[in-house]
Amino acid sequence: MQPLAIEVRDLEKAFRIPTHRVDSLKERAVRPFASRDYRELRALDGVSFEIHQGEFFGIVGRNGSGKSTLLKLLASIYRPDAGRIRMAGRMAPFIELGVGFNPELTARENILLNGVMMGLTPTETRQRLDRVLDFAELHDFAELRLKNYSSGMMVRLAFSMMLQVDADILLIDEVLAVGDAAFQQKCADAFHQMKAEGKTIALVTHEMSTVEAYCHRAMLIDGGKIRHIGDPGDVGRRYIRLNFEREREAVEAPDPDSSDRVRILDARVEGAGGERLEAVEQGTRIKLGLDFEVTEELAEAAVICSLANANGVEVLRLGTKVEPQEGSSHLRPGQRIEFRAELDNPLASGRHYVHCSVNDATTQSVLLHLHGCIDFVVFGGSEGVVVDLPYEASAEVEDGGGL
Amino acid sequence: MSTAQSPPAELAAQPHELREVPGPSALGGGWRRFADLLWLMASTEFKRNYFGTVLGYLWSLIRPLLLFAVLLFVFTKVIRLGSGVPNYPVLLLLNIVLFTFFAEATQNAVTSVVSQESVVRKTQFPRLVIPLAVVLTTFFNLCINLLVVLVFILAWGVDPSWTWLLFFPALALLVTFTVAVSTLLSVLYVRFRDVLMIWAVFSQVLFYGTPVIYPVEIVPESYQHILFANPIAPIFEQIRVWVLDPSAPTATEVVGGWVGLLPAAGIFVAVAVLAIWIFRREAPRIAEEL
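The listed protein sequences derive, respectively, from chains C and U. Take the first sequence: its letter number 85 is residue 91 in our numbering, and every next letter is one higher. Take the second sequence: its letter number 181 is residue 509 in our numbering, and every next letter is one higher.
Everything labelled a hint here was simulated from the structure, so no lab data went into it. Don't be surprised by glycine CBs; every beta carbon is placed ideally from N, CA and C. Please note that a few of the clues may not be correct.
Claimed, not checked - Label pairs and their in silico Cβ distance ranges:
1) P109(C) with V398(U): 43 to 51 Å
2) S550(U) with V36(C): 31 to 39 Å
3) G351(U) with D136(C): 34 to 42 Å
4) E110(C) with L482(U): 53 to 61 Å
5) P497(U) with E130(C): 54 to 62 Å
6) L493(U) with E130(C): 37 to 45 Å
7) V36(C) with S411(U): 41 to 49 Å
8) T404(U) with D146(C): 39 to 47 Å
Build out the structure end to end from the sequences listed, making use of the hints.
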C-alpha cells in the first residue's frame with residue numbers, strides 16, 4: 007500500500023445563511039441591531055477518509071451533497087469549522103480548468119498569468135509555453151485574444167495548462183468531457199500518464215463513466231456524509247440508486263390515499279435456467295421477476311415495467327393487467343402478485359435499470375412506483391447505441407458492365 | 329488499485345510527509361508567489377490598457393489633461409483663484425495627476441475582489457493580491473503621467489531643486505494610504521454593496537477637501553485645521569512646497585506645529601490598521617461570502 011497523500015479527519019463545515027441578509031452599510035447603520043438570525047446549513051458533517059499517493063479518487067454526489075465544498079476545503083479555498091486535513095506533497099491550487107482566463111488577453115498572456123496562478127514561477131511558465139500550445143494544438147493562435155476562441159479551443163488550452171502544473175496532488179471539479187474525439191483520446195492518454203507518474207488526483211464528477219474509466223476508488227457523498235467508499239462500479243450503482251430514490255420521493259410521491267396498498271417483495275433478472283443475474287449477455291433469453299404483496303383490497307391492478315439505460319432513456323416498456331382470482335371480485339390483502347416477463351435481450355451493452363409501477367386499473371392512480379428496483383449490466387453487444395437487434399445484412403461486390 | 333502499480337522512483341526516494349493544509353488567507357502561498365502574481369496581474373492589465381488599443385495610452389493621458397485644461401481656464405480666467413500663486417498651472421496639473429491616481433485606484437479597487445469572483449472561489453489565491461494589483465496598475469499609469477508633468481514643469485521654467493527628492497517619500501505616503509483605503513474598500517464591498525456608491529461620493533468630497541484646485545492659504549484659517557485632518561491634504565501641501573513653491577506654507581505652518589498634524593496622522597494609521605485587521609479577518613471567508 008502506498009503512503010497517504012491526503013488524510014481527512016472528522017471534517018465539518020457549515021454555512022450560515024442569514025434569514026434576512028443585510029447587504030448594505032446603510033441598512034447596517036440604520037438598524038445596527040437588526041435580527042441576525044440565520045439558518046445553518048451543514049454542508050459536511052464529520053467526513054473522514056484517506057487517499058493514497060498515486061491514487062485516482064472519485065468523489066461522487068448529487069448537487070448540494072457537499073462534494074464541491076469538500077474539494078474547496080481540500081484546496082484551501084474554504085476554511086473548515088472542525089476537523090483536519092493533512093496532505094503530503096505539493097497541491098495544485100485550483101479546482102477547475104481555465105479559472106482566471108481573461109478573454110481580453112491573448113493565449114500567450116493568459117498562459118503566463120495562469121501558470122503563475124497555478125503555482126509555477128514566471129520563468130517556468132515561459133519555458134513551458136510551447137508545450138502548452140503544442141498539446142492544445144493552438145500554436146497558430148497564440149496571439150489571438152481568448153474572446154475570439156471557440157469554447158473547444160478554450161477548453162483545450164485549459165486542459166493542457168493543467169498538465170503542465172508540477173503538483174503531486176490535483177483536485178479537479180467536473181472536467182473531462184472536453185473537445186472532439188481526438189482530443190478526448192489525448193486527454194485520456196494524458197490521464198493515464200499522470201497515473202503512471204504516480205500523481206494523486208481527486209476528481210469530483212457527475213459522470214459515472216469517468217469515474218469508472220479512471221478512478222481506482224470512489225466515494226459517494228450525500229447530505230454531507232460519506233455513504234460509501236470503495237470500488238468505482240459499486241459507488242456508481244449506489245449513486246444511481248440514490249438518485250432514483252430521491253427522484254421518486256420528490257416527483258412521484260405516491261397518492262396518499264392509495265399508498266401501502268401494494269408492497270414489493272422481490273425484484274430480479276433471471277437467466278433462462280431461473281438463475282439470478284447481474285450481468286446479462288446480449289441477445290440471450292432473460293426473465294424479469296417481480297413479486298408484490300397486496301396489503302389492501304383492490305379491484306384490479308396493472309403492473310408496468312420499463313427498462314432504461316444509464317443515460318435515462320427508456321428503451322422498452324412491458325406490462326400486464328392483474329385480475330382477481332376466478333370467482334373473486336377483488337385482490338385481497340395477503341395475496342401475492344407474481345409478475346413475469348420473458349424476452350430475448352435486445353438491449354445494447356451497458357448498465358440498465360428496471361423501473362416498475364403498480365397502478366389501480368380502475369382509477370389509474372399509482373399505487374407503487376419504484377425507480378431502479380433492479381439494475382444489471384448487458385455485455386457482448388454493441389456499445390454506444392440503445393438497442394441491438396438481430397439483423398441480416400450483406401454487401402456484394404459485382405463487376406460493372408462498363409467495359 | 330494503486331498497489332498494482334510500481335511507485336515512481338522519485339516518490340519512493342523521498343516520500344512526502346503529511347502536513348496540515350494552510351487554509352485560505354490574505355497572503356496564502358508564500359511571498360514569492362504573492363509577488364509574482366502581483367507583478368503579473370498589474371503589468372498585464374497595464375499592457376492591456378495601454379498597448380491593446382491604438383489610442384490606449386494617449387487616452388489615459390487625455391483625461392487628466394482635459395480636466396487640467398478646463399480647470400486651468402476656469403480658475404485663471406473666470407474665477408482667478410490661482411492669481412498670485414507661483415506656478416499655479418503646473419501645480420494644478422501635478423495635483424490633478426496625483427489625485428487622479430488616488431481616486432482611480434480606490435474606485436477600481438472597490439469592486440476588484442468581487443469581479444475576480446471565479447478566481448477567488450476556484451483557486452487557492454492570495455486574496456490581498458487583487459486590490460494591490462489594481463493599485464499597482466494605476467501606479468504604473470501615474471509614473472508615466474508624472475514624466476509628462478515633469479516635462480511641463482521644466483518647460484514652465486521651474487528650477488530643479490534638491491527638495492525634489494523629498495517628493496518620493498511624500499509619494500510613498502500617498503501610495504501607502506491608497507493601498508490601505510483600496511484594501512479596506514475591496515473587502516467591505518464583498519458584504520456591503522452600497523460601498524461603491526458611498527465611496528464615489530466620498531471621493532468627490534475628498535477632492536474638494538484636499539488643496540488640489542485651490543491653494544490652502546485662501547481657506548479661512550479656522551477651517552484649515554479641519555481640512556488638514558484629511559490625511560492626504562498635508563501630503564499634497566508638502567509636495568507643493570518641495571517641488572513647486574518653496575514660499576508656500578508648509579503643512580506644519582498651516583496647522584501651527586507638529587501637534588496639529590496628529591489628527592491626520594491618527595486617521596492615516598487608523599485606516600491602515602483597520603484595513604489590515606479587516607482584510608486578515610475576512611480573507612479566509614471571502615470565498616464563502618461571494
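Okay, the hints, checked on the actual structure:
1. As the Cβ distance of P109(C) to V398(U) is approximately 35 Å, the hint placing it in 43 to 51 Å is violated.
2. In this structure the supplied range 31 to 39 Å holds for S550(U) paired with V36(C), their Cβ-Cβ distance being about 33 Å.
3. Our hint of 34 to 42 Å for G351(U) and D136(C) holds, since their Cβ atoms are close to 36 Å apart.
4. Checked against the given bound of 53 to 61 Å, the beta carbons of E110(C) and L482(U), roughly 36 Å apart, lie outside it.
5. As the Cβ distance of P497(U) to E130(C) is approximately 37 Å, the hint placing it in 54 to 62 Å is violated.
6. In this structure, L493(U) and E130(C) meet the distance hint of 37 to 45 Å, their C-beta atoms being roughly 39 Å apart.
7. The beta-carbon spacing between V36(C) and S411(U), approximately 46 Å, falls within the hinted interval of 41 to 49 Å.
8. Range check, T404(U) to D146(C): about 57 Å between beta-carbon atoms, so the 39 to 47 Å window is missed.
Checked against the numbered hints listed earlier, the structure breaks hints 1, 4, 5 and 8; every other hint is satisfied.
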